[in-house]
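S.K.: Sequence:
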Amino acid sequence: MHIAIPLGVRGLQFFISLTILALAAALINEQVIGEVPVTTRYTTFTGGFGMIVCGIGAAALFVHAIPPLVPVVLDGLMAIFFLAGGISWAIGLRGTESCSDGGDMLLNDLLNRGRIGSGDDARYGVIGRDDDENAVFRKLQSTCQRARADEVLEFVAFAMAIGLVGLSYLMMRRGSGRAIV
Numbered sequence: 002m003h004i005a006i007p008l009g010v011r012g013l014q015f016f017i018s019l020t021i022l023a024l025a026a027a028l029i030n031e032q033v034i035g036e037v038p039v040t041t042r043y044t045t046f047t048g049g050f051g052m053i054v055c056g057i058g059a060a061a062l063f064v065h066a067i068p069p070l071v072p073v074v075l076d077g078l079m080a081i082f083f084l085a086g087g088i089s090w091a092i093g094l095r096g097t098e099s100c101s102d103g104g105d106m107l108l109n110d111l112l113n114r115g116r117i118g119s120g121d122d123a124r125y126g127v128i129g130r131d132d133d134e135n136a137v138f139r140k141l142q143s144t145c146q147r148a149r150a151d152e153v154l155e156f157v158a159f160a161m162a163i164g165l166v167g168l169s170y171l172m173m174r175r176g177s178g179r180a181i182v
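Take the sequence shown: its position 50, counting from 1, is numbered 51 in our numbering, and each next residue is one higher.
Derived from the structure by calculation, the hints contain no laboratory data.
Computed from a predicted structure; not experimentally measured.
Please note that the accuracy of each hint is not assured.
Claimed, not checked - Estimated spans, in silico, between C-beta atoms of each pair:
no., residue 1, residue 2, range
1, Gly104, Ile6, 47 to 55 Å
2, Ile67, Ser101, 46 to 54 Å
3, Glu134, Val71, 30 to 38 Å
4, Val74, Asp110, 28 to 36 Å
5, Ile81, Asp110, 19 to 27 Å
6, Ser99, Val71, 38 to 46 Å
7, Gln32, Ile57, 28 to 36 Å
8, Phe156, His3, 24 to 32 Å
9, Ala85, Leu13, 19 to 27 Å
10, Ala136, Leu171, 51 to 59 Å
11, Val74, Glu98, 15 to 23 Å
12, Ile6, Gly35, 40 to 48 Å
13, Phe16, Glu36, 28 to 36 Å
Ideal Cβ positions, reconstructed from N, Cα and C, are used throughout, including at glycine.
Use the sequences and the hints to build the structure in full.
M.R.: Right, dumping it as structure tokens:
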């Protein structure tokens, strides 16, 4: 197989991992009250890990000192991590599918930028001093859309990692001795 194909797949996988990391970092940066949710922090890990694995996989195409099984195993781990991240976003964002219900989004701790208290006494990080209801809704909707994008990209990256594992395994079974990715 021509080296440009696995290198291109690695490049796309790197870009998706970078996007996952950037979206999660933006969500972390917007947190106002309390600690950043675990799902968001874990997503920064998966994005960073994906970028590192892409680098190692690309290096393995040129550096024959890297055993062929290393990129395959790392891609398998990356697939597991991305799947776990996608599932955690899917569970955490339940009830906010359309990003159009301000009440559901406000009560969702992945989207409300932190909360102190509960019930009528709750204070939310997304509500600024001078914000009207429309401004708060726009902030929540923007955060929800970015969180949904992270969720989808986690599943896309999972599918790509599974594909890379399969392609590498097939090439190794053909006897080329090197993983293609």
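S.K.: Give a verdict on every hint.
M.R.: Here's how the hints hold up against the structure:
no.	hint	result
1	Gly104 with Ile6: 47 to 55 Å	holds, 48 Å
2	Ile67 with Ser101: 46 to 54 Å	holds, 48 Å
3	Glu134 with Val71: 30 to 38 Å	violated, 53 Å
4	Val74 with Asp110: 28 to 36 Å	holds, 35 Å
5	Ile81 with Asp110: 19 to 27 Å	holds, 25 Å
6	Ser99 with Val71: 38 to 46 Å	holds, 42 Å
7	Gln32 with Ile57: 28 to 36 Å	holds, 31 Å
8	Phe156 with His3: 24 to 32 Å	holds, 28 Å
9	Ala85 with Leu13: 19 to 27 Å	holds, 21 Å
10	Ala136 with Leu171: 51 to 59 Å	holds, 53 Å
11	Val74 with Glu98: 15 to 23 Å	violated, 35 Å
12	Ile6 with Gly35: 40 to 48 Å	holds, 46 Å
13	Phe16 with Glu36: 28 to 36 Å	holds, 29 Å
Going down the numbered hints, you'll see the structure goes against 3 and 11, while the others check out.
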